[in-house]
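**Q** What follows is each chain in one-letter form.
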Amino acid sequence: MPTYRPGPVSLVLAALVALFLLLPLLAVIPVSLTPSRMLAMPSGELSLRHYRALIEDPRWINSILLSIRIGVVSSAFSTVLALCFGLGVWMFQPRFTAALVGFVLLPMVVPPVVSAITLYFLLTSISGFSSFFGYDTWLGVAMAHAVMTVPFATVLILVSLSQLDRRIDLAARGLGATVWERATRIIMPNIKFGIVTAALLSFVLSWEEIGVTLFITSVNAITLPRLMWMGLRDNIDPAIAALSVILIVITVLVLVARSVVVRLRAAQ
Amino acid sequence: MRAYLSDRMGAALLMAPLLLFLVLAYAWPFLGVVKWSFTLPTPGLGQYNALLTDQLVQSVFIRTLRIAAIVTIVSVAAAYAITVVWVRGTPVQRVVAEFCILVPFWISVLTRAFGWVALLSNRGLINTWLQAVGFISEPLALVRNEFGVIVGMTHFLIPFAVFPLASSMRSLDDRVLLAARGLGSSRMRTFWSVFVPMTRSGIIGSALIVFVFSLGFFVTPAILGGGRSVMIAELIYLRIFQSPDWGLGAAISVVLVLFVGALMALLFRYIRPKQLV
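If you read the protein sequences in the order shown, they are chains A and B. Residue 106 in the working numbering is what sits at position 106 of the first sequence, and the numbering runs on without skipping anything. Residue 258 in the working numbering is what sits at position 258 of the second sequence, and the numbering runs on without skipping anything.
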């Protein structure tokens with residue numbers, strides 16, 4: 001427990017930064033209620049027409065469904081790959097582990113735009129052979145998202161494995177458990193929280209991925225961020241404000257729920 | 001010996017799928033991009049030569065470095081201010097600071113850029129309000145220029161700058177600060193000559209992370225720059241999709257990777273990775 005508290009100057013500066021961080025998130029609320037068809041502040045009356053547009057316009061619904069489908073598939077894929085990799089590293093501690101983990105983390109540290117052009121190269125090459133698994137297809141986007149999310153899933157799984165007591169596994173091994181039994185009945189139940197977190201984070205990262213998606217889609221695989229991008233670049237559509245408000249509210253609710261759960265657990 | 005062999009087999013079997021996936025879906029196509037940079041439109045070093053002579057490319061590189069430097073300084077300073085409260089504040093202050101850091105962190109880059117458009121554009125919150133009050137008659141140009149890009153990127157990167165700073169502030173021993181105060185140093189002096197120097201590794205780590213992120217930034221500059229303040233990443237996009245010149249786009253990517261790689265090597269040389277997280 002720190003005994004040295006920030007003074008008044010620190011508090012004022014921190015409050016200014018906090019205001020700066022929250023301001024743009026609050027600014028979308030009035031815009032989302034404007035009755036105008038363009039981006040503007042409401043003058044006088046408020047309207048929910050842009051919220052209605054989200055439900056009624058099939059473009060938004062289709063994009064949301066597509067983003068969910070891509071997120072689920074890419075998150076399942078990258079979590080399974082990351083889990084197998086993590087189990088291999090943890091159980092066998094092979095030589096060159098550091099180098100192999102470093103290689104797996106590359107898509108996380110390479111500038112996203114370079115990953116984007118790399119995946120663009122990949123998917124346009126695949127398009128030559130296959131029409132449902134290349135550039136501008138949902139499977140292609142799901143694969144590209146898996147490449148981008150798998151380093152994050154791997155980090156989370158390795159972190160939760162590093163907190164696991166090796167003696168449990170040694171005991172199982174001494175009692176004659178096979179590799180499969182150790183993995184599925186000893187290790188995985190003990191890191192299930194890490195596995196679930198990895199899957200959720202992969203889904204969220206895929207759900208909001210735009211940098212790579214822009215390079216590998218054009219007209220067919222329009223994910224939700226891709227549709228928002230189109231509405232932001234050309235004529236700014238206030239429906240984006242309505243959507244942003246909904247996404248911000250969901251984020252705040254999830255974070256508040258999480259901190260309540262953490263606090264309740266700590267209190268127990 | 002048999003156990004050793006089966007261990008190696010098991011490790012190989014478990015690790016292979018991910019490694020194979022990334023070799024096929026990431027390493028191999030990256031080599032393809034490198035090949036583009038040497039072969040399109042004609043084989044040779046022409047694209048790299050163009051990087052050194054093309055005025056437009058050079059001005060984009062310089063602008064990117066300038067924006068990245070400004071964004072780094074502002075983000076780290078702002079992150080420092082809020083991290084002090086997050087790590088060392090009273091319990092209530094900490095909850096509020098954590099909320100202000102994590103909510104923007106989890107919100108997508110598009111929503112955040114859009115929030116700034118809603119604030120800064122000609123018909124946005126700030127201009128509408130300033131005009132209503134009568135401070136200005138014409139809207140101020142706050143967006144679709146470098147100012148907007150810097151504001152948006154700073155906003156995006158502050159939470160990333162917070163994490164290394166927080167870890168270095170957490171590991172700092174309170175007794176040193178109390179000793180400085182006990183020896184008669186003022187609050188300000190304790191902060192500047194004891195607290196800040198002792199969090200140096202966090203400052204360097206967070207500055208390098210923000211700088212590296214800013215170099216390859218795409219979405220925020222593209223939206224808030226409005227095509228007028230193009231940075232490297234957007235230039236790559238334009239070279240691939242608008243004026244098809246894949247070779248040049250690929251060559252810029254290769255240079256960007258080398259530059260970022262050199263910075264990362266610097267990062268790991270001066271700070272042990274452990275200290276970052």
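Keep in mind that the hints were calculated from the coordinates and are not lab data. Be a bit skeptical, because a hint or two may be false.
[To be verified] Part of the chain A face toward chain B, derived, beta carbon under 10 Å:
id: 1; residue: L46
id: 2; residue: S47
id: 3; residue: L48
id: 4; residue: L119
id: 5; residue: T137
id: 6; residue: W138
id: 7; residue: L139
id: 8; residue: V204
id: 9; residue: E208
id: 10; residue: P225
For clarity, every value in this text was computed on a predicted model and none was experimentally measured. For glycine and all other residues, C-beta sits at the position ideal for the given N, C-alpha and C.
**Q** Are the hints correct? Go through all of them and say.
**A** Evaluated hints:
Checking A/L46 against chain B: minimum C-beta separation of about 15 Å lies over 10 Å; hint violated. Checking A/S47 against chain B: minimum C-beta separation of about 16 Å lies over 10 Å; hint violated. At about 17 Å, the closest approach between the beta carbon of A/L48 and any beta carbon in chain B exceeds 10 Å, and the interface hint on this residue is violated. Against a cut-off of 10 Å between C-beta atoms, the interface hint on A/L119 holds, since the closest Cβ of chain B lies about 7 Å away.
For the restraint placing A/T137 at the interface with chain B, the shortest Cβ-Cβ distance is roughly 15 Å, beyond the 10 Å limit, so the hint is violated. The interface hint given for A/W138 is violated, since its Cβ lies 16 Å from the closest Cβ of chain B, which is over the 10 Å cut-off. The restraint placing A/L139 at the interface with chain B is violated, with a minimum CB-CB distance near 12 Å, outside the 10 Å limit. Interface hint status for A/V204: upheld, as the beta-carbon distance to the closest one in chain B is roughly 8 Å, under 10 Å.
Given hint, A/E208 at the interface with chain B, holds; its Cβ is 4 Å from that chain's nearest Cβ, closer than 10 Å. A hinted interface residue such as A/P225 counts as satisfied when its beta carbon comes closer than 10 Å to some beta carbon of chain B; here the least separation is about 5 Å, so the hint holds.
Hint compliance for this structure: hints 1, 2, 3, 5, 6, 7 are broken, all remaining hints hold.
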